[in-house]
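There are 2 protein chains.
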Amino acid sequence: MNTYYIGLDIGGTAIKIGLFDNNDELKQKTEIPTRLHLSGAHILSDSVEACSKLLDTEDVDWNSVQGIGVGVPGLVKDDNYIVRCVNLGWENVDLGKELYALTKVRNVRAINDAKAAALGEWWKGGHGQCSSAVMITLGTGIGGGVIMNGQIVNGAFGSAGELSHFPLVPDETEPCACGKFGHLQQYASAEGIVHQFCKKLRIENKPTILSNHENLTAKNIIDAAREEDKLAKEVFDDAVKKIAQTMAMVTSVIDPELFLIGGGMSKAGDFLIDAIRKEYRRCVILFSEDTRIEQAVLGNDAGIYGAVKYVMDHIKREAS
Amino acid sequence: MNTYYIGLDIGGTAIKIGLFDNNDELKQKTEIPTRLHLSGAHILSDSVEACSKLLDTEDVDWNSVQGIGVGVPGLVKDDNYIVRCVNLGWENVDLGKELYALTKVRNVRAINDAKAAALGEWWKGGHGQCSSAVMITLGTGIGGGVIMNGQIVNGAFGSAGELSHFPLVPDETEPCACGKFGHLQQYASAEGIVHQFCKKLRIENKPTILSNHENLTAKNIIDAAREEDKLAKEVFDDAVKKIAQTMAMVTSVIDPELFLIGGGMSKAGDFLIDAIRKEYRRCVILFSEDTRIEQAVLGNDAGIYGAVKYVMDHIKREAS
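Chains E and X, in that order, are what the protein sequence lines are.
All residue numbers for the first sequence refer to the working numbering, where the first residue is 9 and numbers rise by one.
All residue numbers for the second sequence refer to the working numbering, where the first residue is 9 and numbers rise by one.
You may find that some hints are simply not true.
Each pair may be met inside one copy or between any two copies, as identical chains are not told apart.
Taking lysine to any residue pairs in the SDA-like style, the calculated list, with each CA pair at most 20 angstroms apart, reads [unchecked claim]: (1) K188 to A283; (2) K324 to N157; (3) K208 to H221; (4) K85 to F295; (5) K286 to P183; (6) K35 to T11; (7) K188 to R290; (8) K61 to E33; (9) K275 to G134; (10) K132 to N30; (11) K85 to N115; (12) K241 to R210; (13) K286 to D179; (14) K241 to E222; (15) K188 to D298.
Worth flagging that the hints you see were computed from the coordinates, not collected in a lab.
Given these sequences and hints, build the entire structure.
Written as structure tokens, this is what we have:
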């Protein structure tokens, strides 16, 4: 009998689902909208319904499913209990129990979505064999995931890889969303870049091709920086400096073989990656100037790959 | 037959040697001066001679020795080849080969001395069971060691745990000893604290009880800070801030269960540790405010413990 594994990536707007066979191959995938009302009470039943349709297309049933891996945008406890997920309206969701009730699948493993993306990209992004890697996801916020010995690192309180709240600028007077000060995402996330740009525009009142732009995005600013717009370039350069400095610090801690840059901002491609490489080399410890820095390639699929890998590894460990 | 293990900690002024039995107990220890002339050519034979004397006191010979672990102040390749050790005058020393020639012991494992100290303190410092810990050694320079899953992390280029060169202050104009800028040890090592104090004294010309002090040490400055000397307090507070900020960053990467503060400066005890705890709590990511932060207790013995643990673990892995 063929066996299957399911990777779920539950986000605030969409739920991505991948059905994998026991050769680690993605057989089917789909995406459904996330219904947020009633504190996200429909999310799991909607997901299971969509999974059932995928199983139908392969002409198999839930008995063939060995495990379900779930990426969620929040804090996970004990690998299957969701303490809180603001974006989904979830609090204290026992994912293992609830999904078992709906599917009779015993192996359910939940993982923070940024960690899932890191694990998936490391596993199936085609970046070659390496046992340690760190992914930085530059999106609306900033996510991160640390892989060592081929496994995601969670840490004592689940904070490993939380590069969004990397306390870079001790003297910052504006608070981060978390209430503390000077965190990386205040400067280098898509939201942070827009915020810093608007702040500079307001205070310094420098000329910029974006001065009359409405609904400014990080992409607009990066594009303007590419065109040598002075103000946009200043904000972009500062973001790059802070990302590279953070990476250099990561290297002084675990010295990974590979950095992966993902998230919406990474679509800026070589313009961003080359700038990060140059700045990283400038500030990192001497011996580690040649760390590989690569653009993530799986995009939105990284999460389902990572979620399924997480439960697959769990099942293998249990069996050994 | 009882079996034994040897831990060597080779420093620029002294070689510390510990003889351990197969119950992980330190049976004998000794210390000899490091003879640096002839590019450190006598170091290994001196060490072996001193080890032989220790073995004699236990009435056993080299045949009973299962392994030798060696801590060295430099970069180690492949666990037994020393690329360069400036303090010892060593370049390209094949430690495994040379110690085998002198002792016929096959299991020789070398480890950077700061990493050895971390491993030793984690293992035998009485800090309770934990699988992940980070030690920061605040001495003349700054050393570090990262332990995950009970093993020291070396990293892709051997730079893991190199907290001395943590690139904290991107705008620094004075170079670190390594030639790059704004590294932690420029502000928070014993040497760094003295340097920052003298610089402040020269530039700001503030009154201080230390103004006529000759041969100023970090201890003098920390003692003066304790007595509320304003200038000394400024320098001390800045060092504490930077140490705590570095630790908070380490937490955003791997979120360890335990931080250990060692090295000569750690003798300042609670005055230093409490200040670090307070500052750490202020800047670390919300969920991890309660990370344990403890003073290292093994002092100069940490290195021999760590070196011997390193070779013991290697032998266990080989056997399994």
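Hint-by-hint comparison with the structure:
1. In this assembly of identical chains, K188 and A283 lie within 20 angstroms of each other by CA distance solely across copies; the values are 19 angstroms between and 28 angstroms within a copy.
2. Proximity of K324 to N157 under the C-alpha cut-off of 20 angstroms is found in both arrangements, the shortest distances being 15 angstroms within a copy and 18 angstroms between copies.
3. When the C-alpha separation of K208 and H221 is checked against a cutoff of 20 angstroms, the pair qualifies only within one copy, where the shortest distance is 15 angstroms, while the shortest distance between copies is 47 angstroms.
4. Taking the shortest alpha-carbon separations for K85 and F295, only the inter-copy value of 12 angstroms comes in at or below 20 angstroms, while the best intra-copy value is 37 angstroms.
5. When the C-alpha separation of K286 and P183 is checked against a cutoff of 20 angstroms, the pair qualifies only between copies, where the shortest distance is 19 angstroms, while the shortest distance within a copy is 29 angstroms.
6. Taking CA atoms no more than 20 angstroms apart as the test, K35 paired with T11 passes inside one copy only; the shortest distance there is 12 angstroms, against 55 angstroms between copies.
7. When the C-alpha separation of K188 and R290 is checked against a cutoff of 20 angstroms, the pair qualifies only between copies, where the shortest distance is 8 angstroms, while the shortest distance within a copy is 28 angstroms.
8. In this assembly of identical chains, the alpha carbons of K61 and E33 lie at most 20 angstroms apart only when taken from the same copy (18 angstroms versus 61 angstroms across copies).
9. For the homomeric pair K275 and G134, the shortest alpha-carbon distance inside one copy (17 angstroms) is at most 20 angstroms, but the shortest distance between copies (49 angstroms) is not.
10. Proximity of K132 to N30 under the C-alpha cut-off of 20 angstroms is restricted to the intra-copy arrangement: shortest distance 15 angstroms within a copy versus 44 angstroms between copies.
11. In the homo-oligomer, the alpha carbons of K85 and N115 lie at most 20 angstroms apart inside one protomer (15 angstroms), although the nearest pairing across protomers, at 41 angstroms, exceeds that limit.
12. With identical chains, the CA atoms of K241 and R210 are at most 20 angstroms apart within one copy only, with a shortest distance of 16 angstroms there and 38 angstroms across copies.
13. When the C-alpha separation of K286 and D179 is checked against a cutoff of 20 angstroms, the pair qualifies only between copies, where the shortest distance is 16 angstroms, while the shortest distance within a copy is 26 angstroms.
14. For the homomeric pair K241 and E222, the shortest alpha-carbon distance inside one copy (19 angstroms) is at most 20 angstroms, but the shortest distance between copies (49 angstroms) is not.
15. For a Cα distance limit of 20 angstroms, the shortest separation of K188 from D298 across copies, 16 angstroms, qualifies, whereas the shortest one inside one copy, 33 angstroms, does not.
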